[in-house]
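Chains A and B are the protein sequences, given in the same order. The first sequence begins at 1 in UniProt numbering and counts up one residue at a time. The second sequence begins at 1 in UniProt numbering and counts up one residue at a time.
No lab work stands behind these hints: they were computed from the structure. Be careful, since some hints might not be right.
Identical copies carry no separate label here, and so any pair may be met within one copy or between two of them.
As the list claims (entries may be wrong) - Calculated cross-link-like contacts (lysine to aspartate or glutamate; reagent style EDC-like; alpha-carbon spacing at most 16 Å): (1) 421 to 189; (2) 89 to 170; (3) 115 to 170.
Since this is a predicted model, take the numbers as computed values, not measurements.
There are 2 protein chains.
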Amino acid sequence: MFDRRKYRAKDKPGSATAQQPRGRLLQLQRLKRAVAQTSPVTGEVMPAGGEFRKHEDEDRSFHGSRLRMNPNVVKAQYAVRGEIVNRAKIVSQEVAQGKHPFDTVVWCNIGNPQKVGQQPITFIRQLLSLCEYPQLLDNPAVTQLFPSDVCERARALIADVPGGTGSYSESPGVPALRRMVAEAVQRRDGGCKCDPEDIYLLDGASAGVHLMMRLLLRPAENDAMLVPIPQYPLYSATLALYGGSLVPYYLDEDQAWGLNIDELKKALAEARRKGQCVRAIAVINPGNPTGQCLSYENQVDIIKLCAEEDLVLIADEVYQENVYASSKKFTSFKKVATETGLAYKFPIVSLHSTSKGFIGECGRRGGFMEMIGFPDAARDQIFKLASINLCPNISGQIATSLMMNPPQEGEPSYELYMKEKTGILESLKRRATTLVSSLNKLEGVTCNEAEGALYAFPRIRLPARAVEAAAEQGKSPDGFYCMEMLMNTGIVVVPGSGFGQKDGTYHFRTTFLPSESEIGSVIERLSKFHADFLKKYS
Amino acid sequence: MFDRRKYRAKDKPGSATAQQPRGRLLQLQRLKRAVAQTSPVTGEVMPAGGEFRKHEDEDRSFHGSRLRMNPNVVKAQYAVRGEIVNRAKIVSQEVAQGKHPFDTVVWCNIGNPQKVGQQPITFIRQLLSLCEYPQLLDNPAVTQLFPSDVCERARALIADVPGGTGSYSESPGVPALRRMVAEAVQRRDGGCKCDPEDIYLLDGASAGVHLMMRLLLRPAENDAMLVPIPQYPLYSATLALYGGSLVPYYLDEDQAWGLNIDELKKALAEARRKGQCVRAIAVINPGNPTGQCLSYENQVDIIKLCAEEDLVLIADEVYQENVYASSKKFTSFKKVATETGLAYKFPIVSLHSTSKGFIGECGRRGGFMEMIGFPDAARDQIFKLASINLCPNISGQIATSLMMNPPQEGEPSYELYMKEKTGILESLKRRATTLVSSLNKLEGVTCNEAEGALYAFPRIRLPARAVEAAAEQGKSPDGFYCMEMLMNTGIVVVPGSGFGQKDGTYHFRTTFLPSESEIGSVIERLSKFHADFLKKYS
Chain A
1 MFDRRKYRAK DKPGSATAQQ PRGRLLQLQR LKRAVAQTSP VTGEVMPAGG
51 EFRKHEDEDR SFHGSRLRMN PNVVKAQYAV RGEIVNRAKI VSQEVAQGKH
101 PFDTVVWCNI GNPQKVGQQP ITFIRQLLSL CEYPQLLDNP AVTQLFPSDV
151 CERARALIAD VPGGTGSYSE SPGVPALRRM VAEAVQRRDG GCKCDPEDIY
201 LLDGASAGVH LMMRLLLRPA ENDAMLVPIP QYPLYSATLA LYGGSLVPYY
251 LDEDQAWGLN IDELKKALAE ARRKGQCVRA IAVINPGNPT GQCLSYENQV
301 DIIKLCAEED LVLIADEVYQ ENVYASSKKF TSFKKVATET GLAYKFPIVS
351 LHSTSKGFIG ECGRRGGFME MIGFPDAARD QIFKLASINL CPNISGQIAT
401 SLMMNPPQEG EPSYELYMKE KTGILESLKR RATTLVSSLN KLEGVTCNEA
451 EGALYAFPRI RLPARAVEAA AEQGKSPDGF YCMEMLMNTG IVVVPGSGFG
501 QKDGTYHFRT TFLPSESEIG SVIERLSKFH ADFLKKYS
Chain B
1 MFDRRKYRAK DKPGSATAQQ PRGRLLQLQR LKRAVAQTSP VTGEVMPAGG
51 EFRKHEDEDR SFHGSRLRMN PNVVKAQYAV RGEIVNRAKI VSQEVAQGKH
101 PFDTVVWCNI GNPQKVGQQP ITFIRQLLSL CEYPQLLDNP AVTQLFPSDV
151 CERARALIAD VPGGTGSYSE SPGVPALRRM VAEAVQRRDG GCKCDPEDIY
201 LLDGASAGVH LMMRLLLRPA ENDAMLVPIP QYPLYSATLA LYGGSLVPYY
251 LDEDQAWGLN IDELKKALAE ARRKGQCVRA IAVINPGNPT GQCLSYENQV
301 DIIKLCAEED LVLIADEVYQ ENVYASSKKF TSFKKVATET GLAYKFPIVS
351 LHSTSKGFIG ECGRRGGFME MIGFPDAARD QIFKLASINL CPNISGQIAT
401 SLMMNPPQEG EPSYELYMKE KTGILESLKR RATTLVSSLN KLEGVTCNEA
451 EGALYAFPRI RLPARAVEAA AEQGKSPDGF YCMEMLMNTG IVVVPGSGFG
501 QKDGTYHFRT TFLPSESEIG SVIERLSKFH ADFLKKYS
């Protein structure tokens, strides 16, 4: 239990921790309150009970201790940075004081590679560095610092981005960068035409999801969206925020998280029977948290369904560079639609991001969407929405264009680039394999292969007593399991309930991002915890 | 009139402009359609009439040429990048072909300093450059490239930002950077305590406005917000997007755009009489487009009103570094609230940004908000909203912390920093004075002093025949005037109707950002146009 008196004592002048900023205390208080509040079972928020914050040395009160808030906001949940993560933050501050049976917290809750040791791609960082401070190019020492192709590309970028990284660009993005992205998309898709006008650069793919949700979901019209279960909870969260309903279509765990088109059609029909107006379908390929790569046939089925049923296809393809299964490959929905003869026949928005793949530039907030088949009236509204936000950050736009236009063979940066790329991808593949096979060794745990993305999503079978204990604490069984995992091992994962899962099944999502030197110890700790947990609750 | 045949002829293979990307044609088509669509008079959108885009070489049609869209999106307007700007883009492409009686388009529609020649602050760019590519610090040549304090600060930043610019940070921002910002805010406000926990870093101040709108405006509750007229149209646009109503309070042009607290109370009372639930008041200080700096008394009045009337105060203070009138100075609402004894007694959110001031880092998308007096339940929801968007871009976070913590006297970078800062601010002041006095010389034009910000907002008195001509074209009189200005001079300004103004008055907003060498010619062209316009329509 959180004991406030312990902290007050430490804050006394002269005590060893008197330096602890008061803000830290308030942060801990607020986090504790936040932990108490959200129910991972129902997604409902249990209000803080009218408490309000006080400074230690000020009498602060105000007549309204409540603030009337948008219920859509209160309803929205985002487990990737939810209850378990909030507790983990407190734990990570306490660990140094020896309060826990482990030395470090291991953050396996979020795909944030550079936070856990993955190195950025040199080529990209050299270019961004030069774009921030172009004067470097005029310095004679520059040839010692950067290869010639980097200097050349930097000069081209500086010419292409008028006003540089500090200037607002056109709202859909710098025209030259949109062109570069479009040309790259065309190459990627084996020549399927890509119009730069269909490319909007974004502050991360999430910004594209928000835009589409905002555009499509009409207040008071019972609008809904088909979303895969399990899903990346940005979809459920934004649906809640924008007042839409989530219509789940279940991926089949027994078929390597494959998609069954009949399941999709059934979900659609059921929603319509309930009076919902289904506007779009989100497809995450490769999947998150599941990692599966859709088969070509699945993609054709989805495209045909959307064309027939007047659905917008939201193709979340941010993991397109993370495919590990040798029998699988990524094909964009744009390409499949083109080959099916249905491209431009109905709206498709394809999303990509700088955050994943092997460049892992999460904090950059970069990405793009390609939009085809939208009527002009919609394109005008999308343009206007982009205008209201002025423009995506330029550094992210540049990173996006570089991601899509890496060094070519023969160029000075090529060798290092390929070494870094291959190193990262092969390491990801090794860690994926290691982690998944280790999880499959645990009692009652089955884990599908991580064909792609950055996560393992094992299914856990929990003893009845554990399920009861969870219920007593008002937690979901997998939320309970994950919290116990955190408190016993320091490993932070996200319970399956945060992503959605078939009723009566439990999962958790873990990244396989801990370094290769660390991952062995992570697996060891996890395995021991699991065995102990089963023993305790059997 | 737009003649499509001209473009097709040019696209014939072998023709001189056959290289013109097809996308350009579609862009022009779409822009023209966009121009026809939005009415600056009513703010309503005239639909495109069900047209849809076709590629030149593909037969594209689909069964739905309409896409049902959120009416709040359709309703929202943002004139800073609206109709006139869309036309100006077309014009800027045509100018090279000699189609217009001027050589260049001059973009005076948006506060985007680095696009029009303002140089970034060296100190900031050197640091960002090093943060992007820290390996530079290990290179022996680094001391030739960067002053020692920059190298030292870079090392500190690299230590403070775990995972660097490519890693997601905590959702409210990197803790060390929040601390740095809080300490700076405390210094700025003469010691008024600032808790780092109350500082959230943002992807630009706009992100903070969106967050507050989303939090406060409840669907179907007739929620409203007091907004100054004239205002920066982000407020009207976001109110429309989030389903709230705008309650105008008029600034007094005859009193140097001053605020009359009785006017404010009247507007509040009137809104309530109409059954609106007024949730907040937005105050822009220094003002945009008006540039006025509020008096201390005005600020006290506003604070007292909010505390009494249960209003959230949204203090948009992004121009706090742009104060030119020697008799005026910026005082933060936080400071005034503290001195009035009302700090923490009701919710205040104060916004700042890297986009303005003298650093002008618009494309960076950086900024922060300080939130005080919000109940914990609201703080938890705000935290959750920030989590759903993961984090603000790290480069912007770093720039924000540097903006608030510049070089100090005695440090190697100090002299250059002060030279650049003073140079920019004094030049802005000179241009402000020059422009305003020149506008005041024009017949029928009066322009209040630009006490702050980056804009002049002159009032124009138009002949009756001009007003008629405007009506015939379905334009507002000042929209008509501004379009004529564009087509005759290439100067792009924003009509007052985009910001709101007293009925029967007309204005336009122009930046004073064109360089000092250019601004003379801009004034000349504008003056000539104005005289010709009056002559034509008298």
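Consistency of the hints with the structure:
| no. | hint | in the structure |
| --- | --- | --- |
| 1 | 421 to 189 | neither (21 Å within a copy, 49 Å between copies) |
| 2 | 89 to 170 | between (39 Å within a copy, 10 Å between copies) |
| 3 | 115 to 170 | between (32 Å within a copy, 11 Å between copies) |
Of the numbered hints stated above, the single one contradicted by the structure is hint 1.
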